[in-house]
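**Q** Given the structure of chain A, go ahead and fit chain B onto it with the hints provided.
First to last, the sequence lines map onto chains A and B.
Those letters in the first sequence? Residues 297 to 588, per the numbering used here, in order.
Those letters in the second sequence? Residues 297 to 588, per the numbering used here, in order.
Hints are all accurate, no fakes.
Identical copies carry no separate label here, and so any pair may be met within one copy or between two of them.
Straight-line C-alpha distance at most 16 Å; calculated EDC-like pairs for lysine to aspartate or glutamate: (1) K520 with E530; (2) K298 with E322; (3) K327 with D302.
If you are wondering where the hints come from, they were derived from the structure by calculation, not from laboratory data.
Protein chains: 2
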Amino acid sequence: MKTNLDCFPCFLRQALDAARMVTQDERIQRKTLDGVLSILLNVSVYLNPVEIAHLVHQRVKSITGDDDPYKEEKKKQNESALRYESTLSSEIAEMSDPLKAAMMLSAAGNAIDLAPERPIPDIYKEYMEMIGKGFAWDDYELLLKRLNRSKSLLYLGDNAGEIVWDKILIEELLDRFNIEIIYTVRGSPILNDVTMEDAHFVGMDKVVEVISNGFDAPGTLLNKCSGEFLKKYEESDLILSKGQGNYESLSEENHPIFFLLNVKCPVIAKEIHCDIGDIILKFQSNSKREMN
Amino acid sequence: MKTNLDCFPCFLRQALDAARMVTQDERIQRKTLDGVLSILLNVSVYLNPVEIAHLVHQRVKSITGDDDPYKEEKKKQNESALRYESTLSSEIAEMSDPLKAAMMLSAAGNAIDLAPERPIPDIYKEYMEMIGKGFAWDDYELLLKRLNRSKSLLYLGDNAGEIVWDKILIEELLDRFNIEIIYTVRGSPILNDVTMEDAHFVGMDKVVEVISNGFDAPGTLLNKCSGEFLKKYEESDLILSKGQGNYESLSEENHPIFFLLNVKCPVIAKEIHCDIGDIILKFQSNSKREMN
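Just chain A, same shape as in the assembly (with noise of 0.2 Å):
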């Protein structure tokens, strides 16, 4: 999808965020506002969302001299998940419709915040009423359909805490169908999202097969990905995508993807007519008239 006006100051305030992470000192902090001020002056909004994302992360890499700003809070996140994982994977279990339930739970996740200051009840009641809720968009029967006659399946992770909601829901598709699946991991550090270090923390890499996109966008931009993950990307029956980052960079492919999320800002609630805090199941609208 386009870069929309809106996400500038988006940007703006990721890259603070980000310096903040890594040092206190304001000189470096309004340096790297600057060097992400620079960018956005010259940027095209042609240019994806994450494609701008990337530009400006790198920039505040290379401002603030740390490769991997998240690093402390993703450590956090995956830990915080992985003490509510047993309990959580035992109350899906006992839902009416566990994948379904898996899978809200994944997408739920996809905006929770995991600190661990927060009390675990606050947290299982959040993602309980968001199951309750169900998916603003459900495209859940066109994806059993599509499971039932496809052989692999490859999956797009997002951000660490979540992985392992993913990993609960890789379970449960495991045990209801007979397919291969591959989890995706970001190449190298870009925000909280997963890389190769998160999927063995958690333990992914016991589960399914997980391989690198080979880039470190906090998306999937396949102009830019390692040629392994393209060949699993081509191949692949189906593609089960998680989180905004991945919508924004493949919501105009032509390729059977499942998008799976939670609605997080203003301009994917209109690119998709949800509301925030909505979670979705949706099919690539390009290829749907194939699967119908």
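**A** Chain B alone, transformed into the frame defined by chain A:
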């Protein structure tokens, strides 16, 4: 107060909002953003936020070619507030301390959107809830003491819409104290701030003398204000300053000022040690010693 780096994304957001009030042409919106990005890239953070906001909105005006982007919005806000004026005025009069209630209404009105499509009962409810909650910073007793020994009060107005609640508050003040009050407006249009036109529209000039501060910043930049305004500012026994913009530009002045506002952003919340959404009546601490 000094500009915080958090203000930068906010300036960009404000500029985009203002450009969109004027035109749906995305090229002009982008040109406006670019103009503001250039300013932010070169501006000193030793300027206060109101000085930077003034530069930003001057640029918005020059690029869009519209000197009053919020004209229609202000008219709506004034009309909407005028429709509730008599009802709210009566409710306030029946409260145990009508003056304090009017003060809280005026602060509450500093935050609440008066878009006409909102149902009246909802707006009432929000005002009454805020009045029920009271001031998070409460220098009301100090203000009463000062009012008892003051002959003149300069009331620094802030936004359209809430000027009607300022009028109710001023009427309560005139009922209770033998004091001359002057209400001030911005020199020319800036954001949704009040100008002489708004004061006439809501009939403020029928209640007290209204003067312009002579400048079009969204606050009170003393080094830019007119001689007439500065004379009144220096001579007045007491100053009542409405809203964040006036606070941002006057918080370091050594003058007997009471700040009445709703805390609308994290930067101000941190500065005043309050929460977003709080209503505040705060005496200028620089001169507090002389008061007790």
